[in-house]
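S.K.: Listed here are the chains, written in short residue letters.
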Amino acid sequence: MTSHGVLVIGGGIAGVSAALALTERDVPVTLVERDAQLGGQASSVCCKAVAGRCQQCGGCLYAGQLQACADQTRIDIQLTTTVTSCNPSEGGFRYTLCTLDGSLEGTASAVILATGFDHVNARTKGAFGYGLLPAIISGDELERRLSEAGQAAFDTDEPRQVAFIQCVGSRDEQAGRGWCSQVCCRYGVRLARLLKARSPNTVVTVFRMDIQHCGRDSQAFDLAQKEDITFVTGLPAQIQRAGAHNEQVLLQYDDIHAGQYTSLLADLVVLSTGIQPRADAAATADLFGLERNAFGFMASAADDVRTAVPGIYLAGCCQAPRSIADSIAHARRAAAACLQDLQEQPA
Amino acid sequence: MNELVAVIGTGYDADCAAQALRSHGFRVERIVQGPSAPFQLSTLEGYVGSFALRGFCDGSLTALSVGAVVVATGNERVPLTALKKLPQHARIVSTKQLASQLTKPASITERASRQRQHIALTIDLMTPASREATREVIDLAGQLRDKCKCEVSVLYRELQVDTDWLEKRVRDLRAAGVAFHRLQAAMPEPDAEGITIRHADGQLRADLLGVAQPVRPRRDHPALAEALGIRVGEDGYLQPFNVHLYHFGGTARKGVYLVGRCHLDTDDSGVRQDAELVASQLAVLLTVNGTQPEAVLAWVDRAKCIRCLTCIRTCPHSAVELADAEGVTAAHVLEAACFGCGMCIANCPVQAISMRGQAVPAWLQEAAP
Ligand SMILES: Cc1cc2nc3c(=O)[nH]c(=O)nc-3n(C[C@H](O)[C@H](O)[C@H](O)COP(=O)(O)OP(=O)(O)OC[C@H]3O[C@@H](n4cnc5c(N)ncnc54)[C@H](O)[C@@H]3O)c2cc1C
Ligand code: SF4
Ligand code: SF4
Ligand code: SF4
Ligand code: SF4
Chain A
0 MTSHGVLVIG
10 GGIAGVSAAL
20 ALTERDVPVT
30 LVERDAQLGG
40 QASSVCCKAV
50 AGRCQQCGGC
60 LYAGQLQACA
70 DQTRIDIQLT
80 TTVTSCNPSE
90 GGFRYTLCTL
100 DGSLEGTASA
110 VILATGFDHV
120 NARTKGAFGY
130 GLLPAIISGD
140 ELERRLSEAG
150 QAAFDTDEPR
160 QVAFIQCVGS
170 RDEQAGRGWC
180 SQVCCRYGVR
190 LARLLKARSP
200 NTVVTVFRMD
210 IQHCGRDSQA
220 FDLAQKEDIT
230 FVTGLPAQIQ
240 RAGAHNEQVL
250 LQYDDIHAGQ
260 YTSLLADLVV
270 LSTGIQPRAD
280 AAATADLFGL
290 ERNAFGFMAS
300 AADDVRTAVP
310 GIYLAGCCQA
320 PRSIADSIAH
330 ARRAAAACLQ
340 DLQEQPA
Chain B
0 MNELVAVIGT
10 GYDADCAAQA
20 LRSHGFRVER
30 IVQGPSAPFQ
40 LSTLEGYVGS
50 FALRGFCDGS
60 LTALSVGAVV
70 VATGNERVPL
80 TALKKLPQHA
90 RIVSTKQLAS
100 QLTKPASITE
110 RASRQRQHIA
120 LTIDLMTPAS
130 REATREVIDL
140 AGQLRDKCKC
150 EVSVLYRELQ
160 VDTDWLEKRV
170 RDLRAAGVAF
180 HRLQAAMPEP
190 DAEGITIRHA
200 DGQLRADLLG
210 VAQPVRPRRD
220 HPALAEALGI
230 RVGEDGYLQP
240 FNVHLYHFGG
250 TARKGVYLVG
260 RCHLDTDDSG
270 VRQDAELVAS
280 QLAVLLTVNG
290 TQPEAVLAWV
300 DRAKCIRCLT
310 CIRTCPHSAV
320 ELADAEGVTA
330 AHVLEAACFG
340 CGMCIANCPV
350 QAISMRGQAV
360 PAWLQEAAP
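As given, the protein sequences belong to chains A and B, one line each in that order. Here numbering that gives the first Met the number 0 is used: the first residue of the first sequence is 0, the next is one more, and so on. Here numbering that gives the first Met the number 0 is used: the first residue of the second sequence is 0, the next is one more, and so on.
Keep in mind the hints are simulated off the structure, nothing from the lab. Predicted model only: the values in this text are computed from it and were never measured. No false leads were mixed into what you were given.
The list that follows gives simulated cross-link-like pairs (lysine-lysine, DSSO-like), each with its CA atoms no further than 30 Å apart: (1) A:K225 to B:K83; (2) A:K225 to B:K84; (3) B:K84 to B:K95; (4) B:K95 to B:K146; (5) B:K148 to B:K103; (6) B:K148 to B:K167.
All chains should be built: construct the whole structure from the sequences, respecting the hints.
M.R.: Here it is in structure tokens:
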């Protein structure tokens, strides 16, 4: 197998979108995915429509792209495959893939890296007791359970206190995590509305530093405030087990507006975890000769998509945290930059 | 295929759009908006690939054939004098004004620098924060600190730090001695010696207050949208928010695209990226398929329609509206916007909608050379 097309690494929403954008311009693509299927992390994002009304979360954007990619016979999709070497040669790249059937060699004129991100492990924020108490779950767990079991998974008629704690494992310079994950305010507020709308006896409190409501999709946030979802400025300082069987948790926090120390007894606590660089990002960067930024995401030029190595481009969350829609847009720009450089290259 | 693209707008956003389009091989026709503009836009007819942009030039009706239309009219910044509750005082200026004085001799910033004054900057004093204002204030705080060696405080209600590693820039500024405080409801109180501002951690005294001007949508958007057959969101920006279109500069009308601050909350670098994205999409849309009207379109049997509005709500492309004709009000499919997806047909409770083959409409035959 040799190809003079583009090698796209990572079959998440960013890789799939980049591959599609290149195919639209008649460039042959080899798409390499480590897993047995395409889709990446976006496939566990649930639909957050409240009573049939779309909340514009972007969760359903990935299905269309994935279908289009599967229908596109011109994309050479290599599943359960990784790249073992990739070196510049003769104005392009020579690479080796490790597949289930052994290794494959090929050449490509350019490479788009779309290796994505890891979920923040909620355990990194030890004080919040994730993994110790059943009432505490992480945002990615809630997303996954709602998308696998359907929106009814957390329904109840009983009175219930639900607390969302934002910025878990993000915006925390002391822990070396001084970035905002961009997606967790958006999914957090939408999930808060969803849980409240499905179970009217649920009371929801969102603990946050600042809600990221910029851009035009702030409607969910405006509606949440009208629907009696309480926003508390500041994160709980302490979480303790409570209830006869530790089925509840007691959140203690400083209410800066009331000017006093207060507590809340919650039945379900959602830790809004965000996006962090993949554990193997250093190895991937080395393989392609790329630099990483201060936080471990792949370093890009000022345009967000080109890198220090000519011919290698970045797409999606491997470069910075972003939503599904933003990942698609970013991947399209990466593909466009790649095409533009290829056209300018003397043949 | 028509490789001429009309770019509507005059400012930075339109310049970026035109430049990105040219770099993708398009020819560009710049169209200025406003009462004194030479070309007064009245309607846009046709489909992507062969639009006719009609308007008045020197009082006579003319038409311009273009392949696509890119709107890049930008937004507006509210002048401080229009903020009713804000005290009008010589010590309160806009951050734009401060930024423009940075390099000038004998300016207020130069004096502030000489006297080591304390300058306070607010991001979202009266209206919700925007990314544009946030970045403006953060950039300015850094410059006042580094170049003018002023004491700088930044005041905010919500810090919007989700993009461009702004969280890190805020931390770095804090480490460099810039104070950040959360605002309280109270307005700043200027007096002869300085300004007092209350915040969550107490209060501060500053010599000068820089207020970021709030952003707002342009007020001529509704008229422009009407002429182009697109829609304005409830918030006044172009195209009601739709996650399937927003991030790609799309509108419900195929071939009409939006670039920059007429639909996004972003800064200059975001505008450049948006322009690049739209130009690359147009390169596909205008060269590969996409330039033909859809072969089949939805069609409403006006006699059957019970005006339940289901199709208007469910159409993902805002292609259905209520229309009066022959004394009947009924749903009506806008040919230019319909993608033929069939959503409306599936949802109509009285089976009033069906697919119809599409004949070449009269105006298109007319537009052909
Ligand atoms: C809890 C949570 C909730 C979210 N909710 C939303 C939401 O509601 N709306 C929204 O728009 N976004 C949401 N997001 C963001 C969304 O998940 C991301 O924007 C999206 O998944 C990014 O896609 P990606 O392709 O960049 O990365 P990924 O999805 O991580 O895809 C990367 C792919 O590359 C593969 N890969 C990695 N390394 C290699 C290698 N070396 N070789 C081969 N293959 C490799 C991986 O197996 C994976 O399939 C959420 C994120 C989180 C964490
Ligand atoms: S955008 Fe989100 S809420 Fe709306 S339909 Fe898609 S997945 Fe559901
Ligand atoms: S998006 Fe919201 S919850 Fe996530 S890190 Fe940023 S501020 Fe915190
Ligand atoms: S067919 Fe699709 S695009 Fe056309 S009017 Fe019906 S829902 Fe809208
Ligand atoms: S769904 Fe059917 S009945 Fe209802 S408004 Fe549309 S066409 Fe008319």
